[in-house]
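J.: Hey, can you work out the whole structure from these sequences and the hints?
Number of protein chains: 2
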Amino acid sequence: MAEKKLVEAITSMDEDFAQWYTDVVKKAELIEYTSVKGCMAIKPYGYAIWELIQKQLDERFKETGVENVYMPMFIPESLLQKEKDHVEGFAPEVAWVTHGGLTELQERLCVRPTSETLFCDFYKNDIHSYRDLPKVYNQWCSVVRWEKETRPFLRSREFLWQEGHTAHATMEEAEERTIQMLNLYADFCEQVLAIPVIKGKKTDKEKFAGAEATYTIEALMHDGKALQSGTSHNFGDGFAKAFGIQFTDKDNKLKYVYQTSWGMTTRLIGAIIMVHGDNSGLVLPPRVAPVQIMIIPIQQKKEGVLEMAYALRDRLGGFRVKVDDTDKSPGWKFSEQEMRGIPIRVEIGPKDIEAGRCVICRRDTHEKIEVRLEDLEEKADEILEQMQSDMLERARAHRDAHTHVATNMAELEDILNNEPGFVKAMWCGDQACEDQIKEKFAATSRCMPFEQEHLSDTCVCCGKPAKKMVYWGRAY
Amino acid sequence: MAEKKLVEAITSMDEDFAQWYTDVVKKAELIEYTSVKGCMAIKPYGYAIWELIQKQLDERFKETGVENVYMPMFIPESLLQKEKDHVEGFAPEVAWVTHGGLTELQERLCVRPTSETLFCDFYKNDIHSYRDLPKVYNQWCSVVRWEKETRPFLRSREFLWQEGHTAHATMEEAEERTIQMLNLYADFCEQVLAIPVIKGKKTDKEKFAGAEATYTIEALMHDGKALQSGTSHNFGDGFAKAFGIQFTDKDNKLKYVYQTSWGMTTRLIGAIIMVHGDNSGLVLPPRVAPVQIMIIPIQQKKEGVLEMAYALRDRLGGFRVKVDDTDKSPGWKFSEQEMRGIPIRVEIGPKDIEAGRCVICRRDTHEKIEVRLEDLEEKADEILEQMQSDMLERARAHRDAHTHVATNMAELEDILNNEPGFVKAMWCGDQACEDQIKEKFAATSRCMPFEQEHLSDTCVCCGKPAKKMVYWGRAY
Numbered sequence: 002m003a004e005k006k007l008v009e010a011i012t013s014m015d016e017d018f019a020q021w022y023t024d025v026v027k028k029a030e031l032i033e034y035t036s037v038k039g040c041m042a043i044k045p046y047g048y049a050i051w052e053l054i055q056k057q058l059d060e061r062f063k064e065t066g067v068e069n070v071y072m073p074m075f076i077p078e079s080l081l082q083k084e085k086d087h088v089e090g091f092a093p094e095v096a097w098v099t100h101g102g103l104t105e106l107q108e109r110l111c112v113r114p115t116s117e118t119l120f121c122d123f124y125k126n127d128i129h130s131y132r133d134l135p136k137v138y139n140q141w142c143s144v145v146r147w148e149k150e151t152r153p154f155l156r157s158r159e160f161l162w163q164e165g166h167t168a169h170a171t172m173e174e175a176e177e178r179t180i181q182m183l184n185l186y187a188d189f190c191e192q193v194l195a196i197p198v199i200k201g202k203k204t205d206k207e208k209f210a211g212a213e214a215t216y217t218i219e220a221l222m223h224d225g226k227a228l229q230s231g232t233s234h235n236f237g238d239g240f241a242k243a244f245g246i247q248f249t250d251k252d253n254k255l256k257y258v259y260q261t262s263w264g265m266t267t268r269l270i271g272a273i274i275m276v277h278g279d280n281s282g283l284v285l286p287p288r289v290a291p292v293q294i295m296i297i298p299i300q301q302k303k304e305g306v307l308e309m310a311y312a313l314r315d316r317l318g319g320f321r322v323k324v325d326d327t328d329k330s331p332g333w334k335f336s337e338q339e340m341r342g343i344p345i346r347v348e349i350g351p352k353d354i355e356a357g358r359c360v361i362c363r364r365d366t367h368e369k370i371e372v373r374l375e376d377l378e379e380k381a382d383e384i385l386e387q388m389q390s391d392m393l394e395r396a397r398a399h400r401d402a403h404t405h406v407a408t409n410m411a412e413l414e415d416i417l418n419n420e421p422g423f424v425k426a427m428w429c430g431d432q433a434c435e436d437q438i439k440e441k442f443a444a445t446s447r448c449m450p451f452e453q454e455h456l457s458d459t460c461v462c463c464g465k466p467a468k469k470m471v472y473w474g475r476a477y
Numbered sequence: 002m003a004e005k006k007l008v009e010a011i012t013s014m015d016e017d018f019a020q021w022y023t024d025v026v027k028k029a030e031l032i033e034y035t036s037v038k039g040c041m042a043i044k045p046y047g048y049a050i051w052e053l054i055q056k057q058l059d060e061r062f063k064e065t066g067v068e069n070v071y072m073p074m075f076i077p078e079s080l081l082q083k084e085k086d087h088v089e090g091f092a093p094e095v096a097w098v099t100h101g102g103l104t105e106l107q108e109r110l111c112v113r114p115t116s117e118t119l120f121c122d123f124y125k126n127d128i129h130s131y132r133d134l135p136k137v138y139n140q141w142c143s144v145v146r147w148e149k150e151t152r153p154f155l156r157s158r159e160f161l162w163q164e165g166h167t168a169h170a171t172m173e174e175a176e177e178r179t180i181q182m183l184n185l186y187a188d189f190c191e192q193v194l195a196i197p198v199i200k201g202k203k204t205d206k207e208k209f210a211g212a213e214a215t216y217t218i219e220a221l222m223h224d225g226k227a228l229q230s231g232t233s234h235n236f237g238d239g240f241a242k243a244f245g246i247q248f249t250d251k252d253n254k255l256k257y258v259y260q261t262s263w264g265m266t267t268r269l270i271g272a273i274i275m276v277h278g279d280n281s282g283l284v285l286p287p288r289v290a291p292v293q294i295m296i297i298p299i300q301q302k303k304e305g306v307l308e309m310a311y312a313l314r315d316r317l318g319g320f321r322v323k324v325d326d327t328d329k330s331p332g333w334k335f336s337e338q339e340m341r342g343i344p345i346r347v348e349i350g351p352k353d354i355e356a357g358r359c360v361i362c363r364r365d366t367h368e369k370i371e372v373r374l375e376d377l378e379e380k381a382d383e384i385l386e387q388m389q390s391d392m393l394e395r396a397r398a399h400r401d402a403h404t405h406v407a408t409n410m411a412e413l414e415d416i417l418n419n420e421p422g423f424v425k426a427m428w429c430g431d432q433a434c435e436d437q438i439k440e441k442f443a444a445t446s447r448c449m450p451f452e453q454e455h456l457s458d459t460c461v462c463c464g465k466p467a468k469k470m471v472y473w474g475r476a477y
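Order-wise, the sequence lines are chains D and R. Heads up, the first sequence is in my numbering, so the first residue is 2 and it goes up one at a time. Heads up, the second sequence is in my numbering, so the first residue is 2 and it goes up one at a time.
Hints may be right or wrong, so weigh each one.
[As the list claims (entries may be wrong)] Here are the simulated DMTMM-like pairs of lysine to aspartate or glutamate, each with C-alpha atoms no more than 25 Å apart in a straight line:
| # | chain 1 | residue 1 | chain 2 | residue 2 |
| --- | --- | --- | --- | --- |
| 1 | D | K323 | R | D133 |
| 2 | R | K63 | D | D59 |
| 3 | D | K136 | R | E33 |
| 4 | R | K226 | R | E454 |
| 5 | R | K369 | R | D382 |
| 6 | D | K469 | D | E94 |
| 7 | R | K63 | D | D326 |
| 8 | R | K329 | R | D24 |
| 9 | D | K136 | D | E68 |
| 10 | R | K63 | D | E383 |
| 11 | D | K63 | R | D59 |
| 12 | D | K83 | R | E33 |
| 13 | R | K63 | D | E60 |
| 14 | R | K254 | D | D328 |
| 15 | R | K27 | D | D328 |
| 16 | R | K329 | D | D250 |
The hints are simulated quantities; they were obtained by calculation from the structure and are not laboratory data.
T.: Given below as structure tokens:
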């Protein structure tokens, strides 16, 4: 009865995907809504996922020479205005501080929506000579964007992220770092989050405010909508000129630096939910699961059962493991473990103990595997590894099955309306066509993928000669 | 010549301690000032110290069952006002957000100066039954207090910290957690930062706005001024009543929860500087040194020298170790290593290699120790351990030598004006005496230490019967 209620509380994903998402976010205890409109509280289980993301991403950053720093959370209005495109892009969506204590400020401060301007202001004083380059800095912090429509993890007024900001002596080096970080992001998504991504370049319409080029990784959610999962920007020397960031090069000439920035956010948790989740709740890839193994004793009041559960936990100490020894029924515990997406559960009862075995149940496939107790560590390790790679392959197969080709507007419309997913189509390079597709179908150009294909000779929209293949889609 | 310049750039600490502090903070490349008044940029070296503090403190938290979460950075004005004492304490020093994008907000939001109100608002909805207790949550974030006078690390408008917020079924359990965290802080300061602290309770005048009791750890800086280094508050059920946080207890009755909060900040970096630093710059305790060992090759252009330096670095892989292979002179490198407080340097040149030895120089004592190359790892480990404990003992001896006793106002005045340090003196418990001492001598009651002594029968100020021994001092 109780178990039924827990499971029934989730809307089916085929019935109402948005409601399913909200249900999972709440029932898996990832977040709670707050009295602060558009801002969420990240609960321990949700935050533990973020900590695992942070730790593994930060390690990868540091291997490439990234150093962490911390800049102020406020940007004086005059500083935000220094780069024209940048301020136009961000000013409409920032929060403004006008008073400090009881006093009105002489100059308004915005709460950082992103920190290019602060890093530029810092680099201007910190960089003098080619010996000071490159600067490869990153910060982990929260940023604020005054969004009207918000959804947990996907779009909120405040969110957590990392933002890397680098300065280089040459354009080539900046471009190299931009692509290096994009590749690092793509690799992280695939290897750690089990989410396959398309790597590509944004069109001018979709690029970051102030960037010369924006690169992106795009993932496909279970409902066929796209999610921009990380971006890496090459600024050329645009910001450097606006802020006056110059250095004396080896040839003794004064030159402007070339800059990049790149970021990933708590959005990734939304991506994990929407790529891997099912009608029983969350499904976490083992590498970001705060608990990888939940041991659930059966008939735990019988002598020796709990003791064995604890003994197995101790033997599995190399994993993130817990015993559910609460006084709930095993069925209820199964439902909770499934809702929270814990990769494997180990069922152990009196009969199992007698037979010297236990049952491992995989969260992604619901497969039950009998395991001899002496093989437990080895089997658990094997199953977690298998699950991690199966999840990636399943997500890749889903994405490939939901990637279509259109060569004209009728096909594009038909696919977008009937077969959710990515649509690959050729484009002339003219923003008018992008605008038209967005207006007609509410779909945007996701990226011009690095792996270009020749699908047809003409633009899907206007019929003029095509220049690029583009991934199109409706997006979060 | 160049070396000389680097060293000369620091003011002597005996000449002008405040200027010495500022010089060290800048020359050791811990921070940079920014265009945002009162806010600093924490540079890679400063941030790396903070990361080491975070990591070790967070591990200790988690061992006691703490779970990390993240609450919004904004507090609606109506929420801040719910607890009377709390709003009175904080409203005069918060930053107010009045506009989101182009729109004026219906209700002002302050940037969190601390998050009691947000946690209360969260707990009100999250706690229903005794089964939901205790809640032992913490968050790592930045907070804002609109200070007029600011100094790097010690007092800035934005600073980084952790804030723990817990909820319990009983007052006893809340008190136990309050003291547990204070002890954890004290132990962390001594074992990791090599800073001895006095543990005690704040007087009512000095306690946190809204707290029933505030406990503190107080450290003594090299100049004899005190620094409050961590606090732990017991709120009783005051906030619970103001916010309506109730739970159904085992006896089926509705009860208010009991709460605590506790925090430590980037101030600790200021404490490290002012407790351990000397006229050559920073001195870092090995456990929070981003680089523990700097290998400095002598005559590095001679064949085999750099190769040996790298080989030693690889052998010292268990430590945080670097080779300074820049083209600066060894003397310059020594100065930089000293300025940055790197605990030990290893000097290795052609003659050393020939003799199968190197020289280890301890940053704290400047002692030079000849070490046979085959003993290097073992010796380095031994010296770092020794240095860590010597630094603590030296700081303790300094504090003890600068702790005095006063039994009347004349003595108190004499000591405060002539012998910087803590003054132990008896107190009647009346706030009027605290006010008078503050007004006359600019000294405050630091705490009523747990280890009470009987120094005299009467209050140092008014001569009435004494109730408590208090540590007094001028403080940062």
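J.: Check the hint pairing K136 (chain D) with E33 (chain R) against an upper bound of 25 Å on the C-alpha distance.
T.: holds, 15 Å
J.: Is K226 (chain R) within 25 Å of E454 (chain R), Cα to Cα?
T.: Distance of about 22 Å is within 25 Å: holds.
J.: Can the restraint linking K329 (chain R) and D250 (chain D) be considered satisfied, given a maximum Cα separation of 25 Å?
T.: holds, 19 Å
J.: When you check the alpha-carbon spacing of K63 (chain R) and E60 (chain D), does it fall within 25 Å?
T.: holds, 21 Å
J.: For the pair supplied as a hint, K63 (chain R) and D59 (chain D), is the alpha-carbon distance within the 25 Å limit?
T.: With Cα atoms ~20 Å apart, K63 (chain R) and D59 (chain D) stay inside 25 Å; holds.
J.: Is the straight-line distance between the alpha-carbon of K254 (chain R) and that of D328 (chain D) 25 Å or less?
T.: holds, 22 Å
J.: Need the status of pair K469 (chain D), E94 (chain D): alpha-carbon distance at most 25 Å?
T.: Roughly 32 Å separates the two Cα atoms, so the pair is violated.
J.: For a C-alpha distance cap of 25 Å, please report whether K27 (chain R) and D328 (chain D) respect it.
T.: Violated, because 58 Å separates the two Cα atoms, which is more than 25 Å.
J.: Would the hint linking K63 (chain D) and D59 (chain R) be met if the CA-CA limit is 25 Å?
T.: holds, 20 Å
J.: Please verify whether K136 (chain D) and E68 (chain D) have alpha carbons no more than 25 Å apart.
T.: holds, 9 Å
J.: Is K63 (chain R) within 25 Å of D326 (chain D), Cα to Cα?
T.: Given that 25 Å is the threshold and the Cα spacing comes to 20 Å, the pair holds.
J.: Is K63 (chain R) within 25 Å of E383 (chain D), Cα to Cα?
T.: Violated, at about 29 Å.
In summary, the structure is inconsistent with hints 6, 10 and 15 from the numbered list given earlier, while agreeing with the others.
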